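Number of protein chains: 2
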Amino acid sequence: MKTTKHKAYGASTNTADLELMEIDRREVGANDVKIDILYCGICHSDIHQVRNDWKNSKYPVVPGHEIIGRVVELGSEVTKYKQGDLVGVGCMVDSCKNCDSCHQDLEQFCINGATFTYNSPDKHLGGHTFGGYSTGVTVNQDFVLKIPENIDARGAAPLLCAGITTFSPLNHWNVKKGDKVGIVGLGGLGHMGVKFANAMGAHVVMITTSPNKAEDAKRLGAHEVLISKDQEQMSAHANSFDFILNTVPVGHDINPYVNLLKIDATMVLVGAVEPLGSVNGGGLIMGRKRVAGSLIGGIKETQEMLDFCGEHNITSDVEMVNMQDVNNAFERVVAADVKYRFVIDMESLKN
Amino acid sequence: MKTTKHKAYGASTNTADLELMEIDRREVGANDVKIDILYCGICHSDIHQVRNDWKNSKYPVVPGHEIIGRVVELGSEVTKYKQGDLVGVGCMVDSCKNCDSCHQDLEQFCINGATFTYNSPDKHLGGHTFGGYSTGVTVNQDFVLKIPENIDARGAAPLLCAGITTFSPLNHWNVKKGDKVGIVGLGGLGHMGVKFANAMGAHVVMITTSPNKAEDAKRLGAHEVLISKDQEQMSAHANSFDFILNTVPVGHDINPYVNLLKIDATMVLVGAVEPLGSVNGGGLIMGRKRVAGSLIGGIKETQEMLDFCGEHNITSDVEMVNMQDVNNAFERVVAADVKYRFVIDMESLKN
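Protein chains in written order, with the UniProt record's numbering: chain A, 1 to 351; chain B, 1 to 351.
By construction, these hints were calculated from the structure, which means they are not laboratory data.
A quick note: this is a predicted structure, and the numbers were derived from the prediction, not measured.
Careful, some of the hints might be misleading.
Since the list can't tell identical chains apart, any single copy or any two copies may satisfy a pair.
[To be verified] With a Cα cut of at most 20 Å, we get these calculated DMTMM-like pairs of lysine to aspartate or glutamate:
1. K229 x D317
2. K176 x D100
3. K177 x D100
So that you can see chain A by itself, here it is in the shape it has in the complex (with noise of 0.2 Å):
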């Protein structure tokens, strides 16, 4: 198959800086759509990849799947976009299309396995899918997002990510005008959640161990902050939440937040994709409570988000970079040394 070469930032091994190097992207199928990346966000889980802590990477990890760009070129049917929309990739860039998953618009958790952005098994040219640490990527159309011209770019580039994971759960658990809405955890998933829930109409509760992240939190959008490390705080507020959204990226102890639940309502992990702490039965017991799970979200609820960020006008806080400072960046996304996401500025790298 015919492809053009670009220029990307990956890692060679799972000890190895990133660096520069050439890439490989299809040339333009009668479905797909050639953008040329502008901004591309930085997501832990770029870090987690590039590092092998899951255990499941392929090398070179060219990483990014929070990606902003300009279409370029069309294939012969694609009804979608023309040339210089600015569109977006997120996590995904192919599907089944054919399983009760991507019937229900769950492309996310498609049966025969969603095609991700980076690191996954690549259907055209073989080998594995590279993102968007990148000059340009070819995707199909159903996978391209439209993002609303009236917000800014550079901060539209972690909704495809950080967005579409607190803006799925908060919108498929139905969060409402009035709600008592949880964020726990204020890092780049939680401010994403803190402004959305506000823009959804609730009582936004940040809920953070970090008193010194109180004032922020109120300017993100946070009607109040609970500090959980303190136990009259914490049972002042017992059994008042209709909705939790836990953002925390670790292991940790869940049995406060549940506390902090109504009777029926639900908390919903994020973050957390390893072992949690020990899970007391009673407390779900006592007032039918729930844990949930919850992953990005699928293309169609994604296009939504970006739609309801263009009406409220939502856009990820971020921290622009070269990417010639992609490493001296991942260290500091490691020490929680951002507010709240970098994005890095595709202009370095073409230059």
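Dock chain B against chain A, hints included.
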């Protein structure tokens, strides 16, 4: 307040065997129904309370919350019942009737505290309530249930706790014809779960560690038996269940059961009111899976359950015992040596 004396069996301390004692019941008030107790089921909770396992027992403990009897006297404002009616009393005898939970027919979660059938503060006589190991009881008409006359009254006793505990989650989570439903654990709760799920039209899979329970599970209505220690069988059933009812009464590793759930499916815990093992966040996230708890059911739903039992001729499999043999029966419950519930014939106490 005027009282009447009743014979009962109770424990005077947390180390004592149950023994014959005399207790007071209130005189019949305007909204009260006085019941001559025919049968009372033995629930594992009775044993926990007698032995103060939950550190909240008040002595003497007269247990029993699976009560079947005949109406012998009615208050002036009682309209729902007449003398001679076959009635039941379950785990609750009163609630505030005024809170959000009570307004939703979820008296078991009464914000101001439901009055449980035993070991709850007694609003009428002071002290605490006494359960059904007794010749009679007087209960507010709103907490009295009609027992269908076509079902065996002895086998009906455990419906008031084991029955509603398993019916309620199956009903609330809308189990329906064709659903693949797992019941984890074949004991007093599990055997009712199998009967209900079968009657609701589900494809019922008994999930058990014990291959020797397979035959009985099928007799009770299971269509398949899945041995949870068999990795190959567990893998074959991965991601296939619409709903799982987990009746295991002690802490255990729930992750293998979460793996059995379909996308968006729920497992409900009804047995383990204690710490479970560590729960893997990734198992919930990869499939938007849910784990919840459920506690008995409200009075309205308990009546629905009893009416359902009347329609489908469902009762518990019981072994009858005399009141004088209760201490031995307790030991056999602890040893899981009963198929599947003991019911006390209260005639033995009257003689």
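Each hint, compared with the structure:
For the identical chains of this complex, K229 and D317 are neighbours neither inside a copy (27 Å) nor across copies (49 Å), given an alpha-carbon limit of 20 Å. For the identical chains of this complex, K176 and D100 are inter-copy neighbours only, at 19 Å across copies versus 28 Å inside a copy, given an alpha-carbon limit of 20 Å. Taking identical chains as interchangeable, the C-alpha atoms of K177 and D100 lie at most 20 Å apart only when they sit on different chains, with a minimum of 19 Å there against 32 Å within one chain.
Comparing the model with each earlier hint shows a violation of hint 1 alone; every other hint is respected.
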